[in-house]
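Trainee: Here the protein sequences come in this chain order: A and B. The working numbering numbers the first residue of the first sequence as 137 and each following residue consecutively. The working numbering numbers the first residue of the second sequence as 21 and each following residue consecutively.
Calculated from the structure, these hints are not laboratory results. Yeah, the Cβ is synthetic: ideal placement off N, Cα and C, and Gly gets one too. Please note: incorrect hints may appear among the correct ones.
Claimed, not checked - In silico lysine-lysine, DSS-like type, Cα no more than 27 Å apart, as pairs:
{"id": "1", "chain 1": "A", "residue 1": "214", "chain 2": "B", "residue 2": "88"}
{"id": "2", "chain 1": "A", "residue 1": "214", "chain 2": "B", "residue 2": "120"}
{"id": "3", "chain 1": "A", "residue 1": "198", "chain 2": "B", "residue 2": "120"}
{"id": "4", "chain 1": "A", "residue 1": "151", "chain 2": "A", "residue 2": "207"}
{"id": "5", "chain 1": "A", "residue 1": "147", "chain 2": "B", "residue 2": "62"}
{"id": "6", "chain 1": "B", "residue 1": "62", "chain 2": "A", "residue 2": "151"}
{"id": "7", "chain 1": "A", "residue 1": "214", "chain 2": "A", "residue 2": "151"}
{"id": "8", "chain 1": "B", "residue 1": "88", "chain 2": "B", "residue 2": "21"}
{"id": "9", "chain 1": "A", "residue 1": "147", "chain 2": "A", "residue 2": "214"}
{"id": "10", "chain 1": "A", "residue 1": "198", "chain 2": "A", "residue 2": "147"}
{"id": "11", "chain 1": "A", "residue 1": "198", "chain 2": "A", "residue 2": "214"}
{"id": "12", "chain 1": "B", "residue 1": "62", "chain 2": "B", "residue 2": "120"}
{"id": "13", "chain 1": "B", "residue 1": "21", "chain 2": "B", "residue 2": "120"}
{"id": "14", "chain 1": "B", "residue 1": "88", "chain 2": "A", "residue 2": "198"}
{"id": "15", "chain 1": "B", "residue 1": "120", "chain 2": "B", "residue 2": "88"}
{"id": "16", "chain 1": "A", "residue 1": "207", "chain 2": "B", "residue 2": "120"}
{"id": "17", "chain 1": "A", "residue 1": "151", "chain 2": "A", "residue 2": "198"}
Stated by the list, open to error - Pairwise CB distance ranges, derived in the manner of DEER restraints:
{"id": "18", "chain 1": "A", "residue 1": "154", "chain 2": "B", "residue 2": "98", "range": "43 to 53 Å"}
{"id": "19", "chain 1": "B", "residue 1": "38", "chain 2": "A", "residue 2": "207", "range": "45 to 55 Å"}
{"id": "20", "chain 1": "B", "residue 1": "79", "chain 2": "A", "residue 2": "153", "range": "38 to 48 Å"}
{"id": "21", "chain 1": "A", "residue 1": "176", "chain 2": "B", "residue 2": "49", "range": "19 to 29 Å"}
{"id": "22", "chain 1": "A", "residue 1": "210", "chain 2": "B", "residue 2": "105", "range": "18 to 28 Å"}
{"id": "23", "chain 1": "A", "residue 1": "233", "chain 2": "B", "residue 2": "79", "range": "16 to 26 Å"}
{"id": "24", "chain 1": "B", "residue 1": "80", "chain 2": "A", "residue 2": "217", "range": "17 to 27 Å"}
{"id": "25", "chain 1": "B", "residue 1": "132", "chain 2": "A", "residue 2": "210", "range": "19 to 29 Å"}
{"id": "26", "chain 1": "A", "residue 1": "207", "chain 2": "B", "residue 2": "59", "range": "37 to 47 Å"}
{"id": "27", "chain 1": "B", "residue 1": "38", "chain 2": "A", "residue 2": "221", "range": "34 to 44 Å"}
{"id": "28", "chain 1": "A", "residue 1": "154", "chain 2": "B", "residue 2": "90", "range": "41 to 51 Å"}
{"id": "29", "chain 1": "A", "residue 1": "237", "chain 2": "B", "residue 2": "59", "range": "43 to 53 Å"}
{"id": "30", "chain 1": "B", "residue 1": "92", "chain 2": "A", "residue 2": "237", "range": "22 to 32 Å"}
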Amino acid sequence: EAEVAQSPRYKITEKSQAVAFWCDPISGHATLYWYRQILGQGPELLVQFQDESVVDDSQLPKDRFSAERLKGVDSTLKIQPAELGDSAMYLCASSTLPRTDTQYFGPGTRLTVL
Amino acid sequence: KQEVTQIPAALSVPEGENLVLNCSFTDSAIYNLQWFRQDPGKGLTSLLLIQSSQREQTSGRLNASLDKSSGRSTLYIAASQPGDSATYLCAVRASGGYNKLIFGAGTRLAVHP
Numbered sequence: 137e138a139e140v141a142q143s144p145r146y147k148i149t150e151k152s153q154a155v156a157f158w159c160d161p162i163s164g165h166a167t168l169y170w171y172r173q174i175l176g177q178g179p180e181l182l183v184q185f186q187d188e189s190v191v192d193d194s195q196l197p198k199d200r201f202s203a204e205r206l207k208g209v210d211s212t213l214k215i216q217p218a219e220l221g222d223s224a225m226y227l228c229a230s231s232t233l234p235r236t237d238t239q240y241f242g243p244g245t246r247l248t249v250l
Numbered sequence: 021k022q023e024v025t026q027i028p029a030a031l032s033v034p035e036g037e038n039l040v041l042n043c044s045f046t047d048s049a050i051y052n053l054q055w056f057r058q059d060p061g062k063g064l065t066s067l068l069l070i071q072s073s074q075r076e077q078t079s080g081r082l083n084a085s086l087d088k089s090s091g092r093s094t095l096y097i098a099a100s101q102p103g104d105s106a107t108y109l110c111a112v113r114a115s116g117g118y119n120k121l122i123f124g125a126g127t128r129l130a131v132h133p
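Using the sequences and the hints given, assemble the complete structure.
Mentor: Here it is as structure tokens:
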């Protein structure tokens, strides 16, 4: 069964450093999502791509976060510089359609900022 | 602004019990509602998706209902098993724009033998 792949699974960094996370969605899924999940809370959408275009980044802290999906396939989420409050699980999901279809989630990247 | 609340936050039950998890949302203008399961430190697995025109969906021992007008959904788990222990998250999809999912904080379920 096809799965969403993410790497790394765990990342420990010091504040003010740069970090990057990678996501490879299920083949053929045009819509890709990045979520941030703080411990004890539900995931919050950071950015949504339709193919290579950003369609929703209203909750993305654009002064330090950036996301790209250059060829409409895999995607990278970057944080520079990292802050203590960025410690969270970063989840990637994909779906064939943005509205009606189930979103399939990857295993996530657990980020700890020291 | 849509808000999703899940009650209870945590639940501990003996194996074999039937149980109900609750989800409420403030804006009834939703496209659909989805229930997810999340094991510790892992990603989310979709359990059931209910379209706004539907009243319920069933999968095995799971049954989810939706009352859009009152802003409520319930997830019913029959004959609970220790393997059901996980966090259950409810999410509503907004009916507008690109239909983002809004999640509740989840109910952490522990089923003990």
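Trainee: It remains to establish, for every hint, whether it holds in the given structure.
Mentor: How the hints compare with the structure:
Restraint check for residue 214/A and residue 88/B: the C-alpha separation of about 38 Å exceeds 27 Å, so the hint is violated. With a C-alpha separation of about 21 Å, the suggested pair residue 214/A and residue 120/B falls inside the 27 Å cut-off, and the hint holds. In summary, the hint linking residue 198/A to residue 120/B is supported, as the alpha carbons are separated by about 19 Å, within the 27 Å threshold. A hinted pair counts as satisfied when its Cα atoms are at most 27 Å apart, and residue 151/A with residue 207/A does not qualify at roughly 31 Å.
Distance hint between residue 147/A and residue 62/B is fulfilled; the C-alpha atoms sit about 15 Å from each other, no more than 27 Å. Only pairs whose Cα atoms come within 27 Å are accepted, and residue 62/B paired with residue 151/A is accepted, the gap being roughly 24 Å. A C-alpha spacing of about 14 Å is found between residue 214/A and residue 151/A, which places the hinted pair at or below 27 Å, so the restraint holds. For the proposed pair residue 88/B and residue 21/B, the alpha carbon gap of about 16 Å is at most 27 Å, so the pair holds.
Only pairs whose Cα atoms come within 27 Å are accepted, and residue 147/A paired with residue 214/A is accepted, the gap being roughly 13 Å. Among the hinted pairs, residue 198/A with residue 147/A is consistent with the structure: their alpha-carbon atoms are about 21 Å apart, no more than 27 Å. For a cut-off of 27 Å, the pair hint linking residue 198/A to residue 214/A stands: about 10 Å separates their Cα positions. Among the hinted pairs, residue 62/B with residue 120/B is consistent with the structure: their alpha-carbon atoms are about 21 Å apart, no more than 27 Å.
Distance check on the hinted pair: residue 21/B and residue 120/B sit about 12 Å apart at the alpha-carbon level, within 27 Å; holds. For the proposed pair residue 88/B and residue 198/A, the alpha carbon gap of about 35 Å is over 27 Å, so the pair is violated. Of the pairs offered as hints, the one joining residue 120/B and residue 88/B holds, with about 17 Å between alpha carbons and a cut-off of 27 Å not exceeded. Annotation: proposed proximity of residue 207/A to residue 120/B holds, straight-line Cα distance about 23 Å (limit 27 Å).
A threshold of 27 Å between alpha carbons decides the hint, and for residue 151/A with residue 198/A the separation of about 17 Å falls inside it, so the pair holds. Look at residue 154/A against residue 98/B: about 49 Å separates their beta carbons, and that is inside 43 to 53 Å. One distance hint, 45 to 55 Å for the beta-carbon pair residue 38/B and residue 207/A, holds here, with the actual separation near 49 Å. Hint check: residue 79/B to residue 153/A, Cβ distance near 43 Å, so the stated range 38 to 48 Å holds.
Take residue 176/A and residue 49/B: their Cβ atoms lie about 28 Å apart, and the range 19 to 29 Å holds. Taking 18 to 28 Å as the suggested C-beta distance range, the pair residue 210/A and residue 105/B does not conform, at roughly 33 Å. With their beta carbons about 21 Å apart, residue 233/A and residue 79/B fall inside the hinted range of 16 to 26 Å. At about 47 Å, the beta-carbon gap between residue 80/B and residue 217/A misses the expected band of 17 to 27 Å.
Judged by the Cβ atoms, the range 19 to 29 Å given for residue 132/B and residue 210/A is violated: they are separated by roughly 41 Å. Residue 207/A and residue 59/B have their C-beta atoms about 32 Å apart, which leaves the hinted 37 to 47 Å range violated. At roughly 40 Å, the beta carbons of residue 38/B and residue 221/A sit within the given window of 34 to 44 Å. Range check, residue 154/A to residue 90/B: Cβ separation about 47 Å, and the 41 to 51 Å hint holds.
For residue 237/A paired with residue 59/B, a C-beta distance near 23 Å fails the hint of 43 to 53 Å. A C-beta distance of roughly 24 Å is found between residue 92/B and residue 237/A, which places it inside the suggested range of 22 to 32 Å.
Checked against the numbered hints given earlier, the structure breaks hints 1, 4, 14, 22, 24, 25, 26 and 29 and satisfies all the rest.
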